[in-house]
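Trainee: Turn these sequences into a full structure, and let the hints guide you.
Quick note on numbering: the sequence shown equals residues 14 to 461 in my numbering.
Hints listed in this document are in silico derivations from the structure and should not be mistaken for laboratory results.
Hints are not guaranteed to be accurate.
[Said to hold, decoys possible] With a straight-line cut-off of 25 Å between C-alpha atoms, the simulated DSS-like cross-links for lysine-lysine are:
1. K186 to K206
2. K405 to K368
3. K308 to K270
4. K112 to K132
5. K123 to K186
6. K112 to K308
7. K162 to K178
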Amino acid sequence: MVFSVDNQTINDLEIFQSGKQKKSLSSFLDLTLTAGGSDRLYRMLNNPACDTEILNNRIAAIRFFTENDLMLDTDSQMLDFIEHYLNQSDYPTKFSSLKAIEKSIRNKLKPSNEFYVKKRGIVYLIDFLDSWHRHIRKFEEIESPGLIKKYNNDVLRLFNDPVFKEILGYKNKNKINPVALEKFDHAFRYSHKAPLRFLLDVTYEYDVFQAMSRMVSERDFCFPEILTSQEEILDIKGLFHPLIEQAITNDVTLTSKSNLAFLTGPNMAGKSTFLKSIGIIAYLAHCGFPVPAKKVRISTLSGLSTTINIPDNLNLGYSHFYSEVLRIKKVAESMKSNRNMLVIFDELFRGTNVKDALEGSLAVISAFSQVKSCFFAISTHIVEIAERLTEKDNILFCFLEIKSENGMPVYTYKLKEGVTDTRLGMYIIQQEKIIETIHAITDKNQNQ
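Mentor: In structure tokens:
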């Protein structure tokens, strides 16, 4: 089944780099060693799934590489050249010993780049096959999870093919005779191109698995426990935003009985970052990847929808407020076909006046609170909304704590239960001396 996610959500969570954006989750995760591995990583990130078996198989494969020192010899330049060689257009559909000798003689009389690419590509492929052949024996010595075992069995069948056996048995690869050269070229680029392509694809997938295993060992990610039961839970311990250095960690738990997190707090308290962190964990878990947290238990979701940085749609003549309204409508319609989504809203109705924002937020949150099959995380700085929602027993009220030291606010970014009425708008205005700057302009104009 397809995991439901739209471009707004992908942009909110900065999954891929866009525009002038300097950081993205994909670039942070890309510890692959090959161009093919990098491409495979981006495809996996672009195709989250909600099939628990697929996700757990991928997680088990990544865990396997984390726990076992079985890194493949992945020479990026060699693999790039192999791809270049395989993509040459003049692939041979027939093999002839006589023509092989003729081609060799012509090349000696007039060397060509095409012949060089062919010979160098074949030498690299023999090295590549030999490296895999050595490593596959190491894999056999260790108990492997299902996905790794399947791939390795397919690779072993490939090496049992008489053609690949002959290629692996060729001893003097740097002085390949003309007949063998053309015979191997025919195999690599025509008769056995499909199994060779499979072996390259497995190499790139293992490159991704190895990259993800480094996220666990080097960047404190953990393996999510994706639940196969009907239990509805999103339990996160020690979550953090991966793109923030020395990020503060927090815990949050949503269940079927408490499925809506209502987050209050002033601007700059860290609400948006916290919500993004939850979204990123849900997204990566449904890619079958490690996640930025200490421990995660999550039931399989059917989709993820975030509304954090919604733009005005000037081309259609939409104001910010109307864009927000349309976004809420779109999310509500999506929930009809995706009955167990994670829905995140940061500051509902920030594009209108306070009265409308309060009444609109209250109406929307009250309606969402009646949907028990989805998880919600919604933030606001309008504290009065919380006072009107206290009778809802499935709402988890929380805030990001701000302490005061010597009259100065200290942002802890730590999540606490309850509601905060801390307001820092005027404090920030005063700190930036905005009023004084305006007065200075007025005084200067009067003195001219």
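Trainee: Next step is simple, just say for each hint if it's right about the structure.
Mentor: Hints versus structure:
no.	hint	in the structure
1	K186 to K206	holds, 20 Å
2	K405 to K368	holds, 22 Å
3	K308 to K270	holds, 21 Å
4	K112 to K132	holds, 16 Å
5	K123 to K186	holds, 23 Å
6	K112 to K308	violated, 63 Å
7	K162 to K178	holds, 21 Å
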